[in-house]
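In order, the protein sequence lines correspond to chains A and B.
Position in the first sequence (from 1) plus 286 gives the number in the numbering used here.
Position in the second sequence (from 1) plus 22 gives the number in the numbering used here.
Simulated from the structure, these hints should not be mistaken for laboratory data.
Treat the numbers as computed from the prediction; the structure is a model and nothing was measured.
A few of these clues could be false.
[As the list claims (entries may be wrong)] Going by beta-carbon spacing under 10 Å, a handful of chain A positions derived as facing chain B:
{"no.": "1", "residue": "Met287"}
{"no.": "2", "residue": "Leu304"}
{"no.": "3", "residue": "Ala333"}
{"no.": "4", "residue": "Glu335"}
{"no.": "5", "residue": "Phe341"}
{"no.": "6", "residue": "Tyr345"}
{"no.": "7", "residue": "Lys387"}
{"no.": "8", "residue": "Thr396"}
[As the list claims (entries may be wrong)] Sample of chain B residues facing chain A (criterion: CB under 8 Å; computed from the structure):
{"no.": "9", "residue": "Ala47"}
{"no.": "10", "residue": "Phe80"}
{"no.": "11", "residue": "Gly95"}
{"no.": "12", "residue": "Phe143"}
{"no.": "13", "residue": "Leu155"}
{"no.": "14", "residue": "Gly157"}
From the three backbone atoms N, C-alpha and C, an ideal C-beta is built for every residue, glycine too.
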Amino acid sequence: MLRRLIVALLVLGALALLTISFRSPTSGVLHDVQGTGASILRPFQIAAERVARPFRDAYGYFDGLASAKSENTKLRRELRDWRAQATANAAGSRRAAELEKLLAYETGPTYPTNYRPVNTSVISFPTGPFSQQVAIAAGSSSGIGINTPVVSADGLVGRVTNVVSSTAVVTLLTDPDSAVAARDLTTGVSGLIRHGPGSTLILDQVSKQLRVHKGDLIVTQGTRDRRYPDLYPYGIPIGRVISVGTSDIASYLTVQVAPFASLASLDSVAALVVTKRAAKLP
Amino acid sequence: MNVVDGVKAAALLFLAAIMQVSIFAQVHILGGVPDVLLVMLVAVALLRGAIVGAAGGFFAGLLVDTASLGRLGLTSLVLTVAGYWIGRYGETTGRDRAHAPFLSVAVVTILYSFGLLLVHFVLGDRAPAGAMLRGLLPAIALNLILTAPVYAVVRRVLRPYDRSDLATEVQLLG
Chain A
287 MLRRLIVALL
297 VLGALALLTI
307 SFRSPTSGVL
317 HDVQGTGASI
327 LRPFQIAAER
337 VARPFRDAYG
347 YFDGLASAKS
357 ENTKLRRELR
367 DWRAQATANA
377 AGSRRAAELE
387 KLLAYETGPT
397 YPTNYRPVNT
407 SVISFPTGPF
417 SQQVAIAAGS
427 SSGIGINTPV
437 VSADGLVGRV
447 TNVVSSTAVV
457 TLLTDPDSAV
467 AARDLTTGVS
477 GLIRHGPGST
487 LILDQVSKQL
497 RVHKGDLIVT
507 QGTRDRRYPD
517 LYPYGIPIGR
527 VISVGTSDIA
537 SYLTVQVAPF
547 ASLASLDSVA
557 ALVVTKRAAK
567 LP
Chain B
23 MNVVDGVKAA
33 ALLFLAAIMQ
43 VSIFAQVHIL
53 GGVPDVLLVM
63 LVAVALLRGA
73 IVGAAGGFFA
83 GLLVDTASLG
93 RLGLTSLVLT
103 VAGYWIGRYG
113 ETTGRDRAHA
123 PFLSVAVVTI
133 LYSFGLLLVH
143 FVLGDRAPAG
153 AMLRGLLPAI
163 ALNLILTAPV
173 YAVVRRVLRP
183 YDRSDLATEV
193 QLLG
């Protein structure tokens, strides 16, 4: 009986202390008593800490040795993750810049009327020198069809030659089968843009009597006769003339054009989908 | 239980409380923290019974809460109950059994952890049960490692009662 009474008193005492310290944790008599008690105990704690310090240091030393290898592995893993993150950030930054350029083009004065852009990204690139096609992450569900022109922020890229619901294949200007009606914006000379040596293009079918100058801007020709509508709207920048040559036996000028679009490193592109109003044109 | 025994038990618990607050509280092994005070209390309670266990728990908890400037009475409450239970176990079934200290330490470590968690929870403090559970098994193992040496020291300081000290007959009253 006495035992239970003592225990009950102790528990009640603990609860009382707990209640008082809970209600006034930073002030009051109990807090002052506790502070005094802590001051009295402090020397004992310091003494214990000093006695234990050599052992703790020794433990810390050996623990550090034991964990150094695993820590090294962990740090290497973190470094790899951060490096991947930095690469992703750099790629994201570059993509953002391209999208900004693309947006500037789409809202600029050279953007063709009656076309709406379907902004998308390139999801596969030419697999070798014999393939001049890329796949984009948008398809017929976005309104893209066969022969839909595709541009980047810099200029014309090519046209869609195969399309499914969510993906389309774009044949680049550098493909041997590609031919785009184009004109020299300075002189008004017309011709056909075809693939040229290396990563350049050729403005073909330009008579020797006509004048084309180095540095001239080449854009798409667009539809000249409504009965024969062109695949590309007028005015999409294609490239700049980098050399003009001729020979006695050739019927046409040899006009070499450097494309504006970086066809080897495309990332963000826009497919130009004809709006309904334009589709009603004959 | 005489006064000398009480002073010895208080000295042992005082030493253990100071060591716990100053040294052992900083030792983290596999997420567990050894509790030499709890082991010491178990040893004292097993050897001197429920009253000493409860009073020792109260006293040791008060020391811990004072030294760490924690909430007064919180540790006392849990250790009082723990000391009483272990003392009762020592007075009854645990007496003279070799495994009693180890079993008591293992059980009390679990109950003490959950008791503290419960009190913190009731008071509305931050009570991360997940962290406590993760460190529970290592803490039990560490406390069990401490049990043999601590119990040996306490047994040397507080000698177990002889058979003659214990009640040998009953007297019917009335």
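Here is how each hint holds up against the structure:
| no. | hint | in the structure |
| --- | --- | --- |
| 1 | Met287 | 12 Å, violated |
| 2 | Leu304 | 3 Å, holds |
| 3 | Ala333 | 8 Å, holds |
| 4 | Glu335 | 5 Å, holds |
| 5 | Phe341 | 8 Å, holds |
| 6 | Tyr345 | 8 Å, holds |
| 7 | Lys387 | 49 Å, violated |
| 8 | Thr396 | 61 Å, violated |
| 9 | Ala47 | 11 Å, violated |
| 10 | Phe80 | 5 Å, holds |
| 11 | Gly95 | 3 Å, holds |
| 12 | Phe143 | 13 Å, violated |
| 13 | Leu155 | 23 Å, violated |
| 14 | Gly157 | 17 Å, violated |
Consistency note: the structure conflicts with the earlier hints numbered 1, 7, 8, 9, 12, 13 and 14.
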